[in-house]
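K.L.:
First residue of the sequence shown: 1009, per our numbering; consecutive thereafter.
Among the hints, a few may not be true.
Here are the computed distance ranges between Cβ atoms for each label pair [as the list claims (entries may be wrong)]: (1) 1065 with 1115: 41 to 49 Å; (2) 1120 with 1052: 33 to 41 Å; (3) 1065 with 1106: 26 to 34 Å; (4) 1065 with 1118: 29 to 37 Å.
These are calculated hints, taken from the structure and not from any lab test. Note that the structure is a prediction, hence the values are computed from the model and not measured. Cβ atoms here follow ideal geometry from the backbone N, Cα and C, with glycine treated the same way.
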Amino acid sequence: SPYVEGGVLVAAAAAVCLRVLLLLSESVREAVSSRVEVSTPVSAFIRIREGAFLWEQGASPYVGDSLHRPPFVLFFFYPLVAAGDTVCAFALASLDALVAVVLYRVASEYIRSEEARPSCSLRGKLAKYGVEDAERWRVPEGGSMAGE
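Whole structure, please, built from the sequences with the hints as guidance.
P.N.:
Now the structure itself:
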């Protein structure tokens, strides 16, 4: 429904704003980047920044042990790193929100398609067993099956 879709978009926009504000806070950024649950030494964004710096200086970012990402990752993130913290935070938060909206839409479509299948709906099961047999499957207050 359009109201639900609009609600998802509003929630995604609010999430982007909140994440940008949090990422622009130096203390929050340091606290999050030091957490192993979020960032490991191999996957840390600081390594991409260091690789971008080495690339700007004309050195290969892969010569040492600083960058463990494919060249495409450095190529993709280099403009964001060069643009500054604010642009980088906004771009990453927007990308996260876009992924969330796409996942929501894919999950919604999957649920709709599953509910439309006759074998998955109560109506389909009643048609399979016949409406008169539906009472047989009901569990009464006492806990025993009605047909027993």
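K.L.:
Against this structure, judge whether each hint is valid.
P.N.:
To see whether the hints hold, each was checked on the structure:
The supplied range of 41 to 49 Å is met by residue 1065 and residue 1115, whose beta-carbon atoms lie about 45 Å from each other. Between residue 1120 and residue 1052 the CB atoms are about 40 Å apart, so this pair conforms to the stated range of 33 to 41 Å. A hinted range of 26 to 34 Å for the beta carbons of residue 1065 and residue 1106 is consistent with their spacing of about 33 Å. In this structure the hint that residue 1065 and residue 1118 lie 29 to 37 Å apart at CB is violated, the actual value being about 48 Å.
The structure does not agree with numbered hint 4 stated previously, though it agrees with all others.
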